[in-house]
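Undergrad: Sequence order for the protein chains is A and B. The letter at position 345 of the first sequence is residue 345 when you use the numbering used here, and the numbering goes up by one with no holes. The letter at position 276 of the second sequence is residue 276 when you use the numbering used here, and the numbering goes up by one with no holes.
I should point out that these hints are in silico values taken from the structure, not numbers from a laboratory. A few of these clues could be false.
Said to hold, decoys possible - Simulated DEER-style distance windows between Cβ atoms:
no., chain 1, residue 1, chain 2, residue 2, range
1, B, E216, A, R214, 50 to 56 Å
2, B, E364, A, V719, 51 to 57 Å
3, B, E364, A, H5, 37 to 43 Å
4, B, T248, A, R829, 55 to 61 Å
5, B, D341, A, R214, 46 to 52 Å
6, B, R240, A, A692, 53 to 59 Å
Positions of the beta carbon are idealized from the N, C-alpha and C atoms, including for glycine.
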Amino acid sequence: MTVSHLAVEKFRCFVSRTELRLDPEGVTVICGPNGSGKSTLLHALLMVLANPHTAGGKAMEALRPWGTDLAPEISAIFDHNGGTWRVWKRFLSRPECRLENRTARGGFALVAEGKAADRKLEEMLGLGHVSGAAGIGHLGWMQVLWAPQGEVAMPELSGRALEDVRAILGAQLGGPLGARLEQWIEGQYLELWTGNGRPRKAREQEQARLAAMRQALEEARQRLDRVAQLSRAVELTQGEAQELKHRVARMRGELEKAEREEKDAQFLRMIAGNLEAQCRLVESRHQELKRRIERIEALTRQDWECRQRIHSLEASVREKQEAAWDRLKWAEAARERAEALGEECERLRARAQRALGFAQLLRERDEIRHRLRRIEELAEHVDRERGALEALRAPSDAELARMRELQGRWRELEVRLESCLLKVELVPETEGSVEVLAGEPAGRHALKPGAGFEVRSEGRAEIRIPGFGLIRVAGPETPAAQLRQDRDAVASHLEEMLRRLGATDLAEAEARHARLVEIRNRVAQLEAEQRTLLAGSSAEEWKQRAGEHEAEIAAIVGQFPEWTAIPAAESRQLAEQAERELQAKSEELRTARKESEETLDRWRLTQMEAEREAAALERTREELERTVSELTSLASDGRSAEQRAEELHRLELEWRHLKSEREKAEDELARCRPEGAARLREEIQNLEERAAQAEQRRVQAEADLRALLSSAPYDEYIVLEEQTAQLERKIEATEVQAEAIRRVREAVRAAKQEALEGLAEPVAEEAARILLQIAGRRLGSLKIGENLSIQHLEPPAAGRPVDLHELSGGEQEQIHLAVRLALARFLARSERQLVVLDDAFMFTDDERLGRLLDLIGELRAALQIVILTCHPERLRGLPGARFVRLQNFELVGESGGYAPGPDGSALSSFVPDAGRVP
Amino acid sequence: MRFLHTADWQIGLSLAQLGEKAGEARKRRLDTARSIARLAHSEKVDFALIAGDTFEHNGVGEGLIREIASVLSSFGCPVYVIPGNHDPAGPGSVWERPYWKDCANVFILTEPCPVPVTGATLFPCPARDAEAKRDPTEWIPPRGGDAALRIGLAHGSVIGNPEIEVSCPIPRNAPELRGLDYLALGHWHSTALYPDSFGAVRMAYSGTHEPSRFGETDSGNVLLVEIPAPGAQPRIEARRVASLRWLTMDCAVGGEADLDRLFAELQHLEDPGNTIVECRLKGMLRSGYLGHLDPVEQLLQSRFFFGRLSTQGLLPEPEDFSWTDDLPAGYLRRAAERLLDQAGRNPEPAAVEALRLLYRGLREVRT
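Model the full assembly from the supplied sequences, consistent with the hints where possible.
TA: In structure tokens form, the structure reads like this:
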């Protein structure tokens with residue numbers, strides 16, 4: 001893209017319309033002092049190309065001329081892809097945008113307006129999308145060609161901008177033929193695939209149609225199978241029906257025979273029935289007689305047994321009653337003996353308790369005696385201590401406290417008095433004398449070498465040293481006299497108190513007080529023990545108790561004289577002896593009582609047995625009575641036992657005969673098998689039903705078969721089969737084509753991607769060549785990353801990769817320019833491109849700038865270059881450049897080459913256009 | 001005695017491999033049946049025998065059955081027909097339709113019992129089951145004192161022929177075994193004569209009257225059989241009646257010249273309107289020549305009744321980089337080399353087609 005014309009109005013400092021013509025075929029230098037609007041013009045060009053006309057916001061508002069609400073208007077004419085375009089935009093107030101294309105007749109025709117025009121521009125120039133104010137970054141891939149003021153460094157490319165650069169460079173790799181071939185491949189691909197790699201709808205529809213046809217074909221095949229199934233079904237059901245009919249015919253013959261046998265069986269069944277009835281009657285009579293005989297026999301046996309049992313029970317009852325009487329007597333004797341032993345035990349228990357009480361009394365009497373002795377000793381001890389206490393002239397606690405207070409007061413006053421006195425200490429080196437005229441000790445005193453002599457005084461002191469002179473020492477007025485008087489009063493009071501006690505000093509008084517405290521404590525301790533021993537009673541009461549104990553002991557000794565001389569210590573053994581005698585007698589008593597109980601139990605048992613046997617005897621007598629009664633009844637038929645046995649035998653023979661006759665009749669009946677006819681009738685009915693069902697199925701299958709065949713299922717099947725096969729072949733061919741074109745496209749894209757990833761290398765080589773031209777061999781080659789950013793330099797002298805920051809500002813500037821120009825060269829292979837350099841040579845020295853300008857002169861053959869500067873004199877060597885001067889936001893002139901103004905200044909004026917320097 | 005022996009008309013046959021021409025090819029089978037009727041008429045045969053599979057399936061439409069009834073009525077002589085394994089007798093069979101009652105000269109023999117014909121006895125062996133494993137001729141009683149000609153009519157596979165599936169097996173010496181002067185067979189689609197140990201042919205497959213697929217060696221005939229007397233050697237004449245020719249051409253291809261030669265050969269093939277051709281290419285071809293296949297394919301599709309080009313046996317030459325030089329140097333050439341490499345390693349259709357496409361694209365954009 002190249003730009004030939006830019007018009008700005010109401011845009012920042014350009015209030016009135018300013019038009020700038022740029023040379024698309026060469027180099028244009030826009031120069032002017034700082035603040036003349038050079039960069040604003042560049043900004044305007046960016047706005048008209050990249051900024052949506054509807055954008056708003058604070059940054060956009062700043063585009064209005066200061067203090068106005070004018071709407072900025074910008075237009076530009078540019079060439080792109082072989083066409084000439086004009087774009088006009090008004091921002092902020094009533095925003096508007098028009099994009100026009102130059103017609104063959106030289107005019108411009110509207111292509112799009114409004115947002116459509118913005119979108120068209122964005123798409124056409126590969127711009128980045130922007131919603132607010134556009135920056136250089138929104139120029140997309142073109143930002144590598146634009147170096148704004150202070151930003152000569154290569155921008156970091158990413159996303160679409162990087163892809164676009166690669167695409168432009170990549171298109172050059174394949175050349176026009178490659179581009180056409182790629183376009184052809186893409187066209188072929190898009191006929192069968194969508195842009196995002198999905199099969200075209202037509203292909204999917206064909207697949208769906210094939211699936212439906214396959215389904216229909218399968219259904220048609222199933223109908224053909226159904227024809228075969230139905231045909232077999234007709235045959236099978238027909239055969240089955242015939243077979244069943246044959247079987248029915250056969251079975252009807254069998255039925256006739258069976259029915260004849262059935263009549264015979266009915267006769268036999270009647271005979272067998274009669275025999276059965278007679279048999280049961282005889283059997284019943286036989287059973288009855290047999291039971292009567294057996295009962296008479298049993299009752300006879302029972303009668304004899306009862307009589308035997310009565311005899312035996314009567315003897316046993318008598319024997320048991322006698323034994324019971326004997327045992328009752330033994331039990332009475334045992335009970336009496338146990339009672340005697342019980343009385344003996346009670347006597348022994350009373351004696352043992354008395355012995356225990358006697359021992360207790362003796363122990364208590366001795367204890368009271370001991371307690372009374374100790375109480376008397378304690379009373380004597382307390383009296384002795386109290387005597388010692390009275391002999392001791394010890395101060396009381398209050399007196400001692402008062403004396404200690406007086407002692408403390410005296411010391412305090414003494415210290416205070418000491419601090420009020422002036423002190424003068426003389427330490428002589430030779431022997432001499434001193435006379436104290438005022439102060440203590442007053443008068444003359446001898447001095448010894450090295451021995452200090454101290455003089456004290458109140459307020460003032462005067463000391464005369466012979467041969468030396470008078471020394472007067474003065475101090476402030478003090479209450480020393482009052483302090484001394486108070487001290488002496490306190491000392492007098494203390495001495496008086498000591499004198500009353502007969503003590504020489506406070507220490508003695510304190511010692512006496514300590515002795516006093518000690519005796520008091522001991523007395524308190526003795527009194528406490530005394531109280532414990534008295535236990536709340538008086539000594540008289542304790543003596544009375546001792547007398548009571550003596551009286552009780554005398555009473556017991558009167559009862560048991562053998563205990564008279566027994567001391568308290570042995571009284572315990574006496575009590576234990578009595579207890580042991582009691583235990584022995586108690587054991588004897590328990591044995592006697594147990595023996596008495598056991599004898600009584602034995603009596604009860606014998607008594608119960610006698611009663612039980614008496615009851616059994618009674619029951620047996622009753623049983624005998626019943627037996628005799630029944631026996632009498634059974635024997636009342638008037639027949640003897642032998643007659644009854646004969647009758648029983650006769651009935652048995654008759655029953656056996658009848659049974660044999662009946663079994664014969666039943667055997668004959670079984671041989672007749674009368675149930676065969678019924679079974680046959682049932683089977684015939686069953687077979688006839690099955691035959692009818694088979695026939696019905698046959699008719700149904702035939703009807704189904706006819707209906708199915710009437711639709712010519714095979715004709716339908718082959719049509720479907722042929723259509724399916726045809727469609728399968730078509731789809732197969734299409735799928736092969738689709739897969740093939742996909743592979744071709746993928747292969748080309750993959751190879752191209754690899755080639756693009758290697759693009760950085762030729763760009764780096766070109767940049768190194770440019771750098772060589774500008775800076776010589778010093779900087780060597782450079783390394784460019786895949787995102788076209790500069791990685792490092794490889795200067796020959798360094799022997800290692802050198803980071804850009806290690807170089808001077810001028811060299812950094814030159815390296816960035818070299819990479820930008822190298823990229824511009826590549827990008828311009830397909831179309832002439834605009835390169836903008838705003839104050840891009842700030843740090844480059846004159847010598848290298850000269851070479852750089854030569855290079856720019858060469859590059860103008862392929863590139864449109866616009867340079868903005870405030871030092872046009874530095875570019876005077878730029879061949880073929882057109883200089884445009886800006887001053888106070890107005891174009892003030894232009895020329896075909898640089899010329900200084902009449903005043904000699906670089907920017908003061910321009911000579912008229914003298915044509916371009918070749 | 002002179003009669004016509006035909007079989008396996010398989011009216012209604014599916015011909016899916018012929019694509020949209022299937023319907024027309026099916027109609028040809030019916031036309032050829034009509035021409036056989038005319039032949040029987042012109043040759044004044046005593047009768048005609050159809051040894052099974054007159055129809056492809058018992059489920060064919062009523063129209064076709066009526067058509068065949070009409071064709072058989074036009075023979076001008078008695079026509080004896082047995083069901084085959086494709087149209088077996090039984091419930092729902094085509095032979096149970098009412099149309100045959102109107103054909104006075106047509107005898108549908110659905111039961112294995114002797115049928116007296118003028119000067120001979122016919123022993124029909126109809127198929128009742130598509131997959132019967134029993135010899136259908138075993139019911140034929142021995143000759144005994146029978147003085148008339150004994151002619152068998154059966155549908156099945158002659159034992160010992162590995163190319164025929166074993167259903168309804170017929171012994172190789174069935175005529176001798178059953179005392180037959182001639183056994184007219186159906187089932188095998190190519191004409192096949194079986195001479196006995198004396199060199200006399202007493203058993204033969206007439207084959208289908210119209211070829212039904214590629215690979216049939218001698219189909220499209222009917223047999224005219226003449227037997228002068230019982231025990232005499234039959235005189236058999238195969239008469240071609242088919243209207244379509246099925247041709248398979250296997251071509252070894254090594255270069256453009258082979259393709260050109262094939263093209264010329266196809267151009268000079270006679271009667272292309274009645275010829276079905278399948279060209280099967282084998283060998284290796286430089287990818288640059290893949291484009292030369294297009295005219296061959298176009299010729300096959302435009303000139304013949306039906307033509308098909310099979311390139312599955314044709315592989316791209318793996319070391320062939322000649323045509324890639326026409327591509328711009330760089331990534332396009334590298335992509336072409338990769339596609340060539342892929343096709344060389346795994347010459348599946350898509351891989352070969354990819355090369356063909358790239359070549360075609362290059363040719364188109366250069367022009």
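Undergrad: For each hint, tell me whether it holds in the structure or not.
TA: Hints versus structure:
The beta-carbon spacing between B/E216 and A/R214, approximately 29 Å, falls outside the hinted interval of 50 to 56 Å. B/E364 and A/V719 have their C-beta atoms about 39 Å apart, which leaves the hinted 51 to 57 Å range violated. As the Cβ distance of B/E364 to A/H5 is approximately 42 Å, the hint placing it in 37 to 43 Å holds. For B/T248 and A/R829, the Cβ-Cβ distance of about 57 Å falls inside the hinted range of 55 to 61 Å, so the restraint holds.
Separation of B/D341 from A/R214 is about 37 Å and departs from the stated range, judged on CB atoms against 46 to 52 Å. Taking the beta carbon of each, B/R240 and A/A692 are about 57 Å apart, inside 53 to 59 Å as hinted.
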